[in-house]
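*Asks:* Protein chains in written order, with my numbering: chain A, 1 to 57; chain B, 58 to 757.
Hints are computed from structural coordinates only; laboratory data are not their basis. Any given hint could be a false lead.
Partial pick of chain A residues on the chain B-facing surface, computed with a CB cut under 10 Å [stated by the list, open to error]:
{"no.": "1", "residue": "Leu7"}
{"no.": "2", "residue": "Lys12"}
{"no.": "3", "residue": "Phe14"}
{"no.": "4", "residue": "Leu21"}
{"no.": "5", "residue": "Phe22"}
{"no.": "6", "residue": "Ile25"}
{"no.": "7", "residue": "Ser32"}
{"no.": "8", "residue": "Glu33"}
{"no.": "9", "residue": "Pro40"}
{"no.": "10", "residue": "Glu49"}
{"no.": "11", "residue": "Ala51"}
Here are the simulated lysine-lysine pairs, DSS-like style, with alpha carbons at most 30 Å apart [what the hints assert, rightly or not]:
{"no.": "12", "chain 1": "A", "residue 1": "Lys47", "chain 2": "B", "residue 2": "Lys329"}
{"no.": "13", "chain 1": "B", "residue 1": "Lys539", "chain 2": "A", "residue 2": "Lys19"}
{"no.": "14", "chain 1": "B", "residue 1": "Lys329", "chain 2": "B", "residue 2": "Lys476"}
{"no.": "15", "chain 1": "B", "residue 1": "Lys442", "chain 2": "B", "residue 2": "Lys422"}
{"no.": "16", "chain 1": "A", "residue 1": "Lys17", "chain 2": "A", "residue 2": "Lys46"}
{"no.": "17", "chain 1": "A", "residue 1": "Lys23", "chain 2": "B", "residue 2": "Lys614"}
{"no.": "18", "chain 1": "B", "residue 1": "Lys539", "chain 2": "A", "residue 2": "Lys23"}
{"no.": "19", "chain 1": "B", "residue 1": "Lys225", "chain 2": "B", "residue 2": "Lys539"}
{"no.": "20", "chain 1": "B", "residue 1": "Lys345", "chain 2": "B", "residue 2": "Lys476"}
{"no.": "21", "chain 1": "A", "residue 1": "Lys53", "chain 2": "B", "residue 2": "Lys269"}
{"no.": "22", "chain 1": "B", "residue 1": "Lys225", "chain 2": "A", "residue 2": "Lys46"}
{"no.": "23", "chain 1": "B", "residue 1": "Lys463", "chain 2": "B", "residue 2": "Lys440"}
{"no.": "24", "chain 1": "B", "residue 1": "Lys476", "chain 2": "A", "residue 2": "Lys53"}
{"no.": "25", "chain 1": "A", "residue 1": "Lys47", "chain 2": "B", "residue 2": "Lys614"}
{"no.": "26", "chain 1": "B", "residue 1": "Lys487", "chain 2": "B", "residue 2": "Lys476"}
Backbone N, C-alpha and C define an ideal beta-carbon position, used for all residues, glycine too.
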Amino acid sequence: MAKTNLLETVLKDFSNKEKELFKEILSIVKQSESNSLILPDNEIRKKIEGAFKSEVY
Amino acid sequence: MRFISISFNNYRCFLNGTVYFSETANKSLNLIIGQNGAGKTEFLFAFYWVLYGFDFKDLIMKESTPYALNSGLYRELEVSQHNDERSCSVEIKFKSNENEFLLKKTQVFEKKNRKILVHTESEMRHYDENGAISPPIRDINKIEHTLFSILPPHVANGIFFDGERMKKLSTIDQHSRVVEEVVNEITSVQIVEKSINILRNIQKEYSRNMRKLSGSAGDNALVRYSDEKVNAEQRYAENLEKFENNKRDKRDYNSELEKINSLLREVEHNKKLISEREKLEALVEQEKDHNNSLVNNDFIPELRNGYLLLLDKLFSDVESYVKKYDVPEGLTVDAVKSILNQESCICGETLEYERVENLKNLLDKLPPVNLNSQILLFASNLKTKAAETRKELRKKYKEVLESDNKINDYEDTISDLSKKILDGRSESIKDLEHKRDKATREVARIDVEQGYLEESINNVQKEILLLDEKIKNTKADSKVLKEYIDKLEFIGKSILAFENVKKYNKDKAINIINNLLYDNFQFISEDAERGFRAYVVSLDDEFKHKLIMYHEGKYEKELSNMKSSGAYDRELDKGIGSSLIEEQIKIKIREPNSTGQGKVLALSFVQSILDYSSSNKNDDEFMINKSYPIIIDAPFTEIFGRNLDNLSRRISDFSEQVILMLSEDSYQQVKNNIEDFVGSKYFLEKNNKDVPSSDIRKVI
């Protein structure tokens, strides 16, 4: 699995907007790893809620 | 992450004092120098104690002071009054991503009813960007949440070392999971796992909510599908966990099997050694009997005459004295009387009046018999006997000595044999065979179960996708329900995507770590010049994540033999990948390492994981950069020659912050190589105060 195709490969069934949300979730977890003051559970929940509530999808 | 300072109050041998660590660029080294017993290792343990807790009872040889409080203060408390108390604390200041944190751990020791009770408190604060300090957090769960994400305990095990901890890195013992745990933490596996866990929790919550909503909306189909999906997801998670646990168990059983087989081979060899030892033990018994007989029947009786040797000089003195003052030999009373009865002397001369008178006077003085002659005769006989005794004693002593030596030789050989057969003796063949059969059965059971689990995981995965499809096609009237359906579909797909990422990322990270390890080992170890290489196993289930050393020449030869004999192709035909085959060759020919080599190997690995962790991975969505400090107690002991030179030149590059505890001798050995990179230097000095303690003295 070539590095450049990793995201494309694992997210092949995702729409572009879903891909963006997935990346945002990943980004929150990554930030929480380097900044212990971030609570990722709440942030991710908010992100998902916001994305679906605003009828982006 | 880097430490700013550590402060002590009544903690172990440090009554007070603060060490500030260097923050100057290119001055990464922080030295804590002290003689044996000055508290260098205590300094290392202080980090463990304040960050993760530390049970001092685990310290070998220090069980007499198994508490954080200074031992002198503890003893004061032991003899003090009811309600008296003493306390100790360590405060650590550190920085992570521009956030400054302060962590303080305090233990209060209180005397109550002749007992000493201990209360532990921790508090954490952080400073915001304006330098304002937050209120203290005292909830230990919250503290751990923050702390463990900054410096996970598993990572600490890979970067905070004393000799014992370092050994755990280079051992291939199945119980030592240090390398695996460090690799897991450092390779961002935890990011993916964390993402999956968070999404699973949200998924559960949404599923419950959706079921409730669809129940109240009277949507029976959706209720049923939701129930089925929750159930399927539960099974999926359970099966996946079981599958992973089985993989680990299989690795452990295989590792155990290898040990048992090796022990059994040893036992076979031991049989010969044991028989040899039994023969020798019989010989020892025989020789001991002979020795006893020699000592009791020959030597000791002869030794009873040994007084003669001691009296030798006395006899000589008596002899010379008697000779000096003695009357001529044979001059007895009878002899004088006989002379007086004759007209002339035996020499023919006439006995004149004066001579007769002298002889008569002599008669009064002479003893009735000539005792001197008797004494002389006795002394002469004893001297002869003393000479014989000396000769006999020498002879007997030589025999006893020869017998003693023989016994010692036998016993030495027995002891050597015992050392060789010690491991094999601890368990009987029957026990080992029983364990081997059990482990073999377990491996077979796991193999079968894994097959079922794999199939089941695939089926449940399909079932979930199908249920997702069904739920999606349900004509949910409610807008909220529709939203839940969409959110759950997205979460389900995301979890699957993360699962796919997990393995890829870790394999890739280990490949990079292995490349770094190759370079770092080349630089540090002189063994590298002789063709030795360091390697972290990444594919083989049994040895996965173990750190090994192998010889490249042997590896090339073995690989070439496998290829020419067709064994390589046969393995490929079995479906084993070329990378795994090649890795298994490295495992097969792995080299044992000495303490020094193990240390060099471990340090090369440590540098590699630190290099990897801090390297720029911004082009990779699933990786993060983290830099950690490294703390090593006695890094240079048991390392000599070029290894020592290489390591001391390299050590300042290990991390942006390197904290080393060194003895004065060790420091002098490497001083020229490290001095330019020293940002802070402290001396620990034992003092002679009433309370046993060490002072911390800043030099740089």
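*Asks:* Are the hints correct? Go through all of them and say.
*Replies:* To see whether the hints hold, each was checked on the structure:
1. Leu7: holds (6 Å)
2. Lys12: Nearest chain B Cβ about 9 Å off; hint holds.
3. Phe14: holds (6 Å)
4. Leu21: holds (7 Å)
5. Phe22: holds (5 Å)
6. Ile25: Hint holds; Ile25 (chain A) Cβ to chain B Cβ min 6 Å, cut 10 Å.
7. Ser32: Ser32 (chain A) check passes; min Cβ-Cβ to chain B is 7 Å, inside 10 Å.
8. Glu33: Cβ of Glu33 (chain A) sits 5 Å from chain B, so the hint holds.
9. Pro40: holds (6 Å)
10. Glu49: holds (8 Å)
11. Ala51: Since the shortest Cβ distance to chain B is 8 Å, the answer is holds.
12. A:Lys47 / B:Lys329: Measuring from Cα to Cα gives roughly 72 Å; hence the hint is violated.
13. B:Lys539 / A:Lys19: Holds - the C-alpha atoms of Lys19 (chain A) and Lys539 (chain B) are around 20 Å apart, at most 30 Å.
14. B:Lys329 / B:Lys476: With Cα atoms ~14 Å apart, Lys329 (chain B) and Lys476 (chain B) stay inside 30 Å; holds.
15. B:Lys442 / B:Lys422: violated (33 Å)
16. A:Lys17 / A:Lys46: holds (16 Å)
17. A:Lys23 / B:Lys614: violated (47 Å)
18. B:Lys539 / A:Lys23: Distance of about 23 Å is within 30 Å: holds.
19. B:Lys225 / B:Lys539: violated (54 Å)
20. B:Lys345 / B:Lys476: Holds: Lys345 (chain B) and Lys476 (chain B) sit about 23 Å apart, inside 30 Å.
21. A:Lys53 / B:Lys269: With Cα atoms ~19 Å apart, Lys53 (chain A) and Lys269 (chain B) stay inside 30 Å; holds.
22. B:Lys225 / A:Lys46: violated (43 Å)
23. B:Lys463 / B:Lys440: violated (34 Å)
24. B:Lys476 / A:Lys53: violated (74 Å)
25. A:Lys47 / B:Lys614: violated (57 Å)
26. B:Lys487 / B:Lys476: Since the Cα atoms of Lys487 (chain B) and Lys476 (chain B) sit roughly 21 Å apart, the hinted pair holds (cutoff 30 Å).
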